[in-house]
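Asks: Start from chain A and add chains B, C, D and E according to the hints.
Protein chains in written order, with this note's numbering: chain A, 1 to 219; chain B, 220 to 715; chain C, 716 to 1393; chain D, 1394 to 1709; chain E, 1710 to 1881.
Honestly, I wouldn't trust all of these hints.
Taking lysine-lysine pairs in the DSS-like style, the calculated list, with each CA pair at most 27 Å apart, reads [said to hold, decoys possible]: (1) C/K1316 <-> A/K213; (2) C/K1327 <-> C/K1316; (3) B/K379 <-> A/K213; (4) B/K597 <-> A/K213; (5) E/K1832 <-> D/K1681.
Here are the in silico distance ranges between beta carbons for each label pair [what the hints assert, rightly or not]: (6) B/R528 <-> C/Y1328: 33 to 41 Å; (7) C/F768 <-> D/W1643: 44 to 52 Å; (8) D/I1666 <-> C/L930: 52 to 60 Å; (9) B/M221 <-> A/V88: 56 to 64 Å; (10) E/V1836 <-> C/Y1328: 55 to 63 Å.
Read the hints as simulated data drawn from the structure, not as lab findings.
In this text, a Cβ means the ideal position worked out from N, Cα and C, and glycines have one as well.
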Amino acid sequence: MNDLLFSQLSTLVAASVLLFGILLVWRRSLLAYIKVFQWQSTMLTILFAIVAYFGNDPKLYWIGVLLFFLKVIFIPRLLQRFLVQIDVEREVAPYINTATSLVLTGVMVLLAQAMTNPLIRLITLPTRNGLPFAVALIFIGLFVIITRKKAFTQVLGFLVMENGIAMLAVLGTFGIPLIVELGVFLDLLMGFLVMQVFVYQIQGTFESIDVSKLNQLRY
Amino acid sequence: MMIVFHFSLLLSPPLLAALLTYLVRDYRRWVGWSNTILSLISLGAALGFVIRVLVDRHIPTWGLQLDGLGLQDIFRVDGLSALLLICVTTISTLTLVLSPGLGKKDDFSDRPLRQYYISMNLLIAALLLATVANNVGVMWVALEATTIFSAFLIPFKLTKASVEASWKYILINSVGIALAFVGTVLTYFDFVAIAGEADNALNWSVLIATAPRLQPEILKLAFVFLLIGYGTKAGIAPMHTWKPDAYGESPTPLGAMMSSALFAVAMYAILRWKAVVDTAIGHHYTDTLLLILGVFSLGVAAFSAVQTRHYKRMLAYSSVEHTGLICLGFALGAPGLFAALLHLLNHTLAKSFMFFVVGRIEDRYGSNAIDRVRGLGKTMPWTSGLFTAGLLALIGLPPFGLFTSEFALFRAGFSLHHPWLMVVSLTLLAIIFVAFINHLNHMLYGLTPAGVAIGETGNWQLVPLFLCIGSLVILGLTLPTPIALLLNQIVTTIAS
Amino acid sequence: MMQTLFLLTICAYSLGALGAILGGRGQLGRSLVGALAAIGATAGLLLGLTVIFTGQSFTAFVPALLPVGGGLALRLDPLGAFFLSVIGVVAIPASLYGIAYNEIYESERGSLRLLGAMFNLFLLAMSLVTLADNVFTFLLMWEGMSLTSYFLVITESDEAETIRAGNWYIAVTHVGVAFLVAAFLMLTGNASGAFSDLRVHASNLSPLARDLVFLLTLLGFGSKAGIIPLHVWLPRAHPAAPSYVSALMSGVMIKLGIYGLLRVALDFLGGGPAWWGVLVLVVGSVSAVLGVLYALMEHDLKRLLAYHSVENIGIILMGIGAGLLFHSYGSMSLAVLGLVGGLYHTLNHASFKGLLFLGAGSVLHATGTRNMEEMGGLMKRMPWTALFFLIGAAAISALPPLNGFVSEWLVFQALLKGLNIPGIEAAIAMPLAVGMLALTSGLAAACFVKAFGITFLAMPRSHEAESARESPLLMRIGMGMLAAICVVLGPGAIAVIPLLSRILVGLGGLAEVPVSLTEGVSLQVPTSSSQIALPTLALALLLAIGSIPVILKLLRVNFRLRRSESWGCGLTELTPRMEYTATAFAEPLRRVFAELYRPSKELTIDTHPESKYFVQSIAYRSEITPWFDRMLYTPLLHLIGYIANKIRRLQSGLVHLYLLYLALALMGLIFASRWIER
Amino acid sequence: MTNMMSYGLEIGQMLLALALAPGLVGLVRWLKARLQNRLGAPPWQPYLELRKWLAKDVVMSTNASWIFQATPYIVFGSTVTVTLLVPLIATPIAFDAVGDLLVVVYLLLLGTFFLALAGLDAGTAFGGMGASREMTIAAIAEPTIALSISGLAIGSGSTNLGQILTTTLTDPAAAISPSHFLAFAALFIVVLAETGRLPIDNPATHLELTMIHEAMILEYSGRYLALIEWASWTKFLLFLSLLANLFVPWGMATLVTLPTLALATAAWIGKLILLASAIALLETRVAKLRLFRVPELLSLSFVLALLAVTSSLVLK
Amino acid sequence: MPTLLQKILRVGIATEQLDLAETDVVQVVRQVEAKTRRLLGRSLAIREVDAGSCNGCELEITALTNPLYDSERFGIHFVASPRHADLLLVTGPVTRHMEVALRKTYEATPDPKLVVAVGDCAKTCGVFKGSYAIAGSVDRIVPVDVFVAGCPPEPTDLLRGILTALDRWPKS
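Next comes chain A alone, as it looks inside the complex (with noise of 0.2 Å):
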């Protein structure tokens, strides 16, 4: 009972983040990738409590409230800053349209399905269920990254990929070791920072942070 309760709860949730992923495919404007994103950060943040309070591991509270603090608040905040400073407001037109896209996501998804499929049959875990949502999120992050012009946009889905990745630990292990958790948290951060830095020096040299006008570099 209490096992069925926690395999349907996570599912949901984990539905519900890779909801928000798909979402940021559609939307067009940056100021809603950072609400979209804020609102899936939310969600896994929940997906960590209930596997926390199910799973019986006290340990996934912290990382919970480590999550919320760094992905709900602290990015946003650092990206809305971001927009305002640059003040862009629009992703150019991508690689791939927008209907297009979602098309894509959804062989992406069903891809993902095909895939853990087998693995899904091996294990015994009652989250088992939403972890080909983990995966057609990582790689609904990767499409993003791929097929968005915007620098800025290339972080939003390379966060994706990593909240992504964070669902798949959460729901396929009940979480990696403390200090590999505690260390993924400070390299995401770092290379958060990094790749901010990154995007203003893109702006500065470039004025524009349009990844595409980047191939200066080639052969």
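Replies: Then chains B, C, D and E, alone, in the frame of chain A:
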């Protein structure tokens, strides 16, 4: 207790050096010397580990028995780690010796220089950490950190090109390394599914012990993620695309670090994981994947080398080539592994050497376009000699070490009945060879462009470079017993 | 004794190299470097001769060096000793010659050091190739030889042409090495790589693998030997190198390709099916004929000689091919005949081609040009060089009683005996080979009439030729030594050939009791009554020629002689421009073989702007592009360029694409992993 | 056969060949004159020419070197050596062991080589032209010679002249094989080329542009000219003898007795006269070929020789 | 081939037989023959030099070699190079252009040698006398042994001239 001291002797000097650089503001020469000396301490500690591994015949391990943190046996130095430690510390010492700051006054201002030293030392620390970490998760964390620190260093001169290169570098590598984390998580997930949750589950020693019971399906998937992830870091084609940009635009010492030490550690990570997967499901699967990527890398490198127009990018393609070769070696059983590790060692030495030489050329000519460098032989006779020697070493000519290791590698390939694969590889190597000789000749001869001074400067820098090429020759003609013992030990533990 | 000689060889060369790096300039430095090389070469020659005469192998093993490849293993058996001796034969004169020749490099800084060092190292590497006794040692020395010779080729690096030549050379060489690595490693398999193990392992290989090894070997060593179409580097590299280096490269280095082929095909693989022999024969025939045909069209003296190396390698291979063919049919004594013919031609070609290159170098030294059309009249200005060159030219044209004739005779005899081999392939291949060999020697004679006649005879065609002076003594000594060898090896064949048949003993199961090709003063073909007695013939010829003036004197014939201008049909003045040029000399043959040469023609006539009937100038250009350049190398380079262009688009500069590759690789491998069994 | 006798025979046949050579050429000239409805010079005219040349001075070009002076001796000496090697009236001879058919061919090539050099030595265009043409034709005639030799060698298993003759003598049936005829035809064409007869070269021409052999020796005079011409006449005799003896050896002495030798000499001279007549007739009939048609003729001879060899291989 | 042979047989020997009629010509010819035999071993090589003639003389000289006269039967023949010649047959007034050529031809001929100047022009320059293009008669250029008069001289005259020249052949 001794072990802790030893580990801290290894890991703390770069951190200390970074701290010192941060604190000491004006006296740059002092910074240079202190960094060099501290890096020598690391080097000494690394040698100490080699002695421990070889002479004492045990595997130094250290960790904290604290619940929930996963710190059990977190540091572990077996033969493979010892080998990598030697690579990393040697190259880092060389890098710090040849970094700007030592020697003549140059035109770098203090602020970027300080930033440079801090990042460089942190990069070295991360590399050392990745090497000694028993926990594959920590290893991942350290490797991710290397991306971050090195990304700081690429736009040292803040040109458009360097910003572009660093963006590509950090984005591609972050994505790649994230995928490697997916692989790590998948394995852990496998482990947890089989053996239940454990704090030390991500310790390599534990993983490899548990490996026979792990589920092949998941491991197969995990290894793909790991291979792509760490392969991005190592620059296996087609994930190599950041290499030419990053190598081409980064300051010379960083190029040396990235192309040798960083690359070596990335390959080390792949090898660690390969060992785990092989123990679980046999080596055929990983071998096949590595062979595919290896030959693909060789092909991409070969044809890219033909058309390249910048000599630093040329070195990047050379790295892709050697990545491919080492991948092949990893996939060719015990003799292949031996050859690949020897090749890794040789390549580390040769490639970093090459970057320093190229740095001298770039300083003089002010461009890294092959077309702009003419008459090198007359302009800088010694440097051009070293450049020629280094390039010949890189394309696998005797009497340099790479000839030996490539030979051993191909021998392994032929003895394992992969003749066609080997023939294809040999053909691709021949193309690379011809392309490089062409570029080399283009640079060596002709008339020095106007405005380029003639004659050598900074001659003291030649001394370490000659030492470098000298060791390559020694490695070509003989194999010092410690290295032979170390390699044999690694081969017996990893490819048993 | 052998130990001492060996150490002396190594030490002399090493000291020579070291000395060249440290000093090596000035009269004394050059002499020292050259003398050390000569000492090394002499010691090597003596070592080789000792092994040949005693039949005892010399071995040395240093496990500490090259441990990865199984240690530095050296063993000099008679076959290797023969080639070591060949090295000595050319290297001694070349070193002495080089001392004087190198003076022209004094003015350029630095290159003389490199030249001296690389020269000594080149000789060392070549010597060690013949000594190598395991795969790794062999390949190491082989590569060392190629690399050092590459540096020697680009000695005159201030010329773009030289660099291009160097590129061609090292490229082809390296591709050859790739073939060799493949061949040797297939042979090695799981064995240790020691040559003794290879012999054992080779017998366990499947027939297909053996064939493959053989083909790879032929390609690999053939590229060094200069078989067509892998010869492209020869006519480019030889002219570019200093002349005495060309002498060594052409006289000796390419022969090591023959050594390798014999070593692998005969020694390791122990011979093979008949088609191996036929293939070698065909390759040899084609190389011989095409080599000489392209030589005929050359007016660059050294390039002409280089093409002749292709030709002579062809002749050597014809002998060896016939030998392999007989070997496959089990007629061992005839196999010895063919192989000895090839080997003897190897020695002979080393001596006369060495001589000719030294002669060409002497001419180059005196006139500063390699273009024959700017020479002429050197006979009177450089009498010694002319005499030596003439001897070389006569020897390479296979004129009796010089050495070239003897070996060609042997090869002919082998081919003629090959006519008795049953089977339609032999019935077609053998007569053609006979015809091609004959055509080759005829054309070679024509070519050397051109080379000698245009270069040395008649009037000087340029100011440089007019003011040419005889070369320094050391250069003449170098040439004189080789000329003497060319003369001696003719009648002296009866002494050398038994040794040659002895060095083949034990290779590929050739008879334990060596087949004797000589009987008294005559060379005797086994299982046939064909024979020649060169000493008698030489004596008869000498007597016949020498007695004529005596007899004429006895007959009190008119011996008055008056010198007058050449008869030019009453021309006011016979100028050098009226002389027959090299181009004109070769024109009939160019027309005869026009189908092969396919010369491009370009005729431009400038007329006066006022009237088209006033011709102001007529320019005629005709060029010959060898077909292998056109058919093989140009397309190959284009293909590589095409692929490279495609591949380079990968690096488009767009980070999105880069990430897409990453994603695709991930997807690809995930799907591939499904299909990979464990 | 004792040594003394055999060496005597050698010297004898050498002298005989040298003595008869001018006469043979005179005979051809005489026959040709008769066929042109002329009276012509008597067959012994060449002897008279020789005597005159030997009495005259030599004029030598100032451009020429010692090659020019040495060449007549080398050409003559090598031809003399060849006369020792070719069995003319008896077989086997002592020099069978010294040289075979290949030696004969290459010794003659030695002469040609130096003659061509001498042609270039004076620096005139004619000499160069002659040298160029001579070497061209010599080179492309070479394969046919070699193949004809092979054809002969297949039967006897040897290139040794004595051996070939003995084989044919003991097995006459072999001589009537198609390959024998083909080889004969091939060699006949080559002989025309090598000895400078029509249709390849015109020995009587005065027109420099059509010359081959003559163009090379335009510079020679006096005794040098005598030696060169004598050598080339001897070469002509030798080639005819080879044709005669190799394909129709009957009549040759196999024992050295006076009657057999006398008979053999008679037979030999008879065969030579027959061949000379054939050549005279041919030279009357045909016109000289354009120089660049010559290779075509020679390739025809090559094909004939090739067919000879392959057919003998296939039929064997 | 058969037709050719038939024709040869039908024509027979076209050369004038010397013993048919003891004419003046025949006597001369016999003398020539005897003299050449004595002096030159019956072999006389002639090099013809056209030093600017109107080619009338050449026509007659050519006639010497035709089947009718067939000078070859006496051992007289024409050669391609002065190096091979014993006698130079010079025709025409020596033009300026041929002056050097003639002198060189003479130089090129080995000793002993003879020069026979053929035709009136060779002696007097004939109608070309005084022309700006003329260098002078043959004897102004090279030593002449015999002049043969006539415009053009008949073959018999030529033979006679040669005969006279042979009288001057140096005794060895």
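Asks: Now, for every hint given, state plainly whether the structure supports it.
Replies: Results for each hint:
Of the pairs offered as hints, the one joining C/K1316 and A/K213 is violated, with about 51 Å between alpha carbons and a cut-off of 27 Å exceeded. With a CA separation close to 22 Å, the supplied pair C/K1327 and C/K1316 stays within the 27 Å bound. Between the alpha carbons of B/K379 and A/K213 the distance comes to roughly 11 Å, so the proposed pair stays at or under 27 Å and holds. Of the pairs offered as hints, the one joining B/K597 and A/K213 is violated, with about 40 Å between alpha carbons and a cut-off of 27 Å exceeded.
Note on E/K1832 and D/K1681: the hinted pairing is violated, with a Cα-Cα distance of about 39 Å set against a maximum of 27 Å. Under the hint 33 to 41 Å, the C-beta atoms of B/R528 and C/Y1328, about 53 Å apart, miss the expected range. At about 51 Å, the CB distance of C/F768 to D/W1643 agrees with the hint of 44 to 52 Å. Between D/I1666 and C/L930 the beta carbon distance is about 58 Å. The supplied range of 52 to 60 Å therefore holds.
The beta-carbon spacing between B/M221 and A/V88, approximately 58 Å, falls within the hinted interval of 56 to 64 Å. Judged by the Cβ atoms, the range 55 to 63 Å given for E/V1836 and C/Y1328 is violated: they are separated by roughly 34 Å.
Violation of the numbered hints given earlier is confined to hints 1, 4, 5, 6 and 10; the remaining hints are satisfied by the structure.
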